[in-house]
Amino acid sequence: AGEERDPATIEFLREKYHLNDPIITQYLSWVGGILVGDFGVSLRTNQPVLELIGQKLPVTIQLAVMAMILAMLIGIPAGILAAVYKNRTLDYVANVVALSGLSIPNFWLGIMLILLVSVNLGWLPASGYESIFVDPVRSLKTMIMPAFVLSTALAAQLMRHTRSAMLGVLSSDYIRTARAKGLSPREVILSHTFRNALLPIITLSALLFGELLGGAVLTEQIFTIPGFGKLTVDAVFTRDYAVVQGIVMCTAIGFIVMNLIADILYVLLNPRLRATL
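Sequential numbering from 6 applies to the sequence shown in our numbering.
No wet-lab data here; the hints were simulated from the structure.
Here the structure is a predicted model, which means the values were calculated and not measured.
One or more of the hints may lead you astray.
Capping the alpha-carbon separation at 20 Å, the derived lysine to any residue pairs in SDA-like fashion look like this [to be verified]:
#	residue 1	residue 2
1	Lys61	Ala257
2	Lys61	Pro141
3	Lys91	Asn201
4	Lys146	Leu78
Label-pair distances were calculated between CB atoms; the ranges are [to be verified]:
#	residue 1	residue 2	range
5	Arg184	Val249	53 to 59 Å
6	Phe242	Ser176	49 to 55 Å
7	Gly59	Leu107	31 to 37 Å
8	Pro141	Arg181	35 to 41 Å
9	Val272	Ser132	38 to 44 Å
10	Ile66	Glu192	48 to 54 Å
11	Val249	Glu192	51 to 57 Å
12	Thr182	Leu95	42 to 48 Å
13	Ser132	Arg181	49 to 55 Å
14	Phe112	Asn25	39 to 45 Å
15	Val70	Leu126	23 to 29 Å
16	Asn125	Asn25	55 to 61 Å
17	Thr50	Phe138	19 to 25 Å
Cβ coordinates follow ideal geometry from the N, Cα and C atoms, glycine included.
Take these sequences, add in the hints, and give me the full structure.
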């Protein structure tokens, strides 16, 4: 209603948004609207909530996909090497780097990257966003730093999980049999060990991607990216409850979908589970 609100305006808005109805009536009306794709209307912009989310979500999905790709390219090979060279220098270095990745706050790393890469070296823009469909090159330039910031903790988790899964498979009898048959170390690691260690890694990757959809708030604020996280912050500070509810619902749906995809992939990649269907 604004700073200079009057009782008549407040009452009009309460009637317009059914705020005078009993809580259970409001809740049932909200749930009924969700079932038909109506998440309500923003109290701040008067736009449909689903339309607002639809404008911001693709930006965050692009950021999450880039961060996930970077995390997998860094974390999985590092985990394989750490498992193969267990209790040796490479293993210790990989564990220290992974622990650092889990410990360094995203906001601090983001600020340091901006100072180093953008301010001092001038290699990449410090902030802003360009759609990948408008200017793919500039879009990648504006997204590479925030994607790297988000990927550090993910890569660390993937590295530790991959190492653990690989070590579990390397101690299996069929791996010892493969080695006794004279298979090369490369074939043993890639064709037998990694393939069987891949299932828990896929499950973790799906969960981490779902986490990214709701966990990029600070990173988007630091790099001024108009995504899902910025919409969340704006909605919370302006008490735009309809948008907050829509964001929570979409985040929950994202987690459910990613878990479903992980379960489907688990079945497709595991012959024993396929045989039971």
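Query - Earlier hints that do not hold, by number - result: 8, 10, 12
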